[in-house]
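With chain A fixed as given, assemble chain B onto it according to the hints.
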Amino acid sequence: MRNDERDNLESLLDNALASYSMQEPRPGLDRRVLHRIHSAAAPRLVFPRWTWAIPAAACLLWAGIHWTRPVATPGRAPVTHMAAARETTPAKPATPPIVERPRERKSLPRLPQFPAPAPVTNEERALLAFVTRAPRQAQEALLDARQQSVEPIRIEEIKIQPLQSDGQ
Amino acid sequence: MARREEAAAREVRFAALVERQSRFVYRVAYAVVRNSHDSEDVVQETFLKLYRSGAWEGMRDEKAFLARTAWRIAVDRRPNAGSQPLSPDLQSNDSQSPEDAAVSADWSAAVHRLVDALPEELRQPLALAAVEELNSREIAQLMGIAEGTVRTRILRARRILKQKLGSRYA
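Protein chains in written order, with my numbering: chain A, 1 to 168; chain B, 1001 to 1170.
Bound-form chain A, shown alone (with noise of 0.2 Å):
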């Protein structure tokens, strides 16, 4: 009796141990095993480090050629590189391009005489009146005038008399 109980636990921890481990797995196991091997396998594009110096060194020749030989074209200003760079890349829409507007230079009228007459003032007006009344005389001083400023000015002898003392 006791060796058909033992019998029995055996078979009943035998058949439960086999379900241990006889888990099926998901079907398309295979395929997901292949699937994940051939994406991790993929060859990838691997660039070695120094190819990023071949566009930069592209880049830095282009700024050095354009830097030192400045494009001038007829009839229009000289374009800066930062107009050309302007002009390279896309305008904003938000805002609008800054043109610089020439100063307008208000220049005076042309006149046909110059200097400009002038009013005559009043010295003038009397000087004119003593020359048309008195020529002769007008004459005269006008010579006289210039002879005082030929003739060279006399300058006295500065004469200091002594101090006169009390006697004391």
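Treat each hint with caution, since some may be false.
[What the hints assert, rightly or not] EDC-like cross-link-like pairs, simulated, lysine to aspartate or glutamate; straight-line CA separation at most 20 Å:
| id | chain 1 | residue 1 | chain 2 | residue 2 |
| --- | --- | --- | --- | --- |
| 1 | B | K1162 | A | E10 |
| 2 | B | K1063 | B | E1138 |
| 3 | B | K1162 | A | D4 |
No lab work stands behind these hints: they were computed from the structure.
Relative to chain A, chain B alone:
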């Protein structure tokens, strides 16, 4: 041209290996990690590792090789693997003991819970022995221990289980 054909033939051979052994590798993994999601991850990792290393082309005993690779990956994946002390103390802190659950409800599920509660050093040989295609020599190879040690541990685990179940069964 010849190289391309050789690579294609190699791919076909590897696909055949996956198709032939993926279920077996899954069971080995499941015996260790006890989780279908993790078991599938172990299978994928095992075959990916073999594919990348190219070691699969020089396998003499492919089952033993695959089982050893899968077992190592699974043990690394299992949390606290091998940290449990080698102790036959299987008493649960739950209100219902494992023995009560075994008698009252699902017998197999109760046995599985008892096996899960075994120390890893006893549980793993027992679980691997439950995988149909593995004998004690192969288990010893993949675990890196002596075949006699495997047998001893399996017997010891069975004895513990019978003790726990027998008291209730009687």
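Exercise for the section: Please work out if K1162(B) and E10(A) have their alpha carbons no farther apart than 20 Å. Expected result: Since the Cα atoms of K1162(B) and E10(A) sit roughly 8 Å apart, the hinted pair holds (cutoff 20 Å).
Exercise for the section: For the pair supplied as a hint, K1063(B) and E1138(B), confirm whether the alpha-carbon distance does not exceed 20 Å. Expected result: Holds: K1063(B) and E1138(B) sit about 9 Å apart, inside 20 Å.
Practice task
Decide if the proposed pair is consistent with the structure: K1162(B) and D4(A), CA atoms, cutoff 20 Å inclusive.
Solution key: holds (14 Å)
The structure agrees with every numbered hint stated previously.
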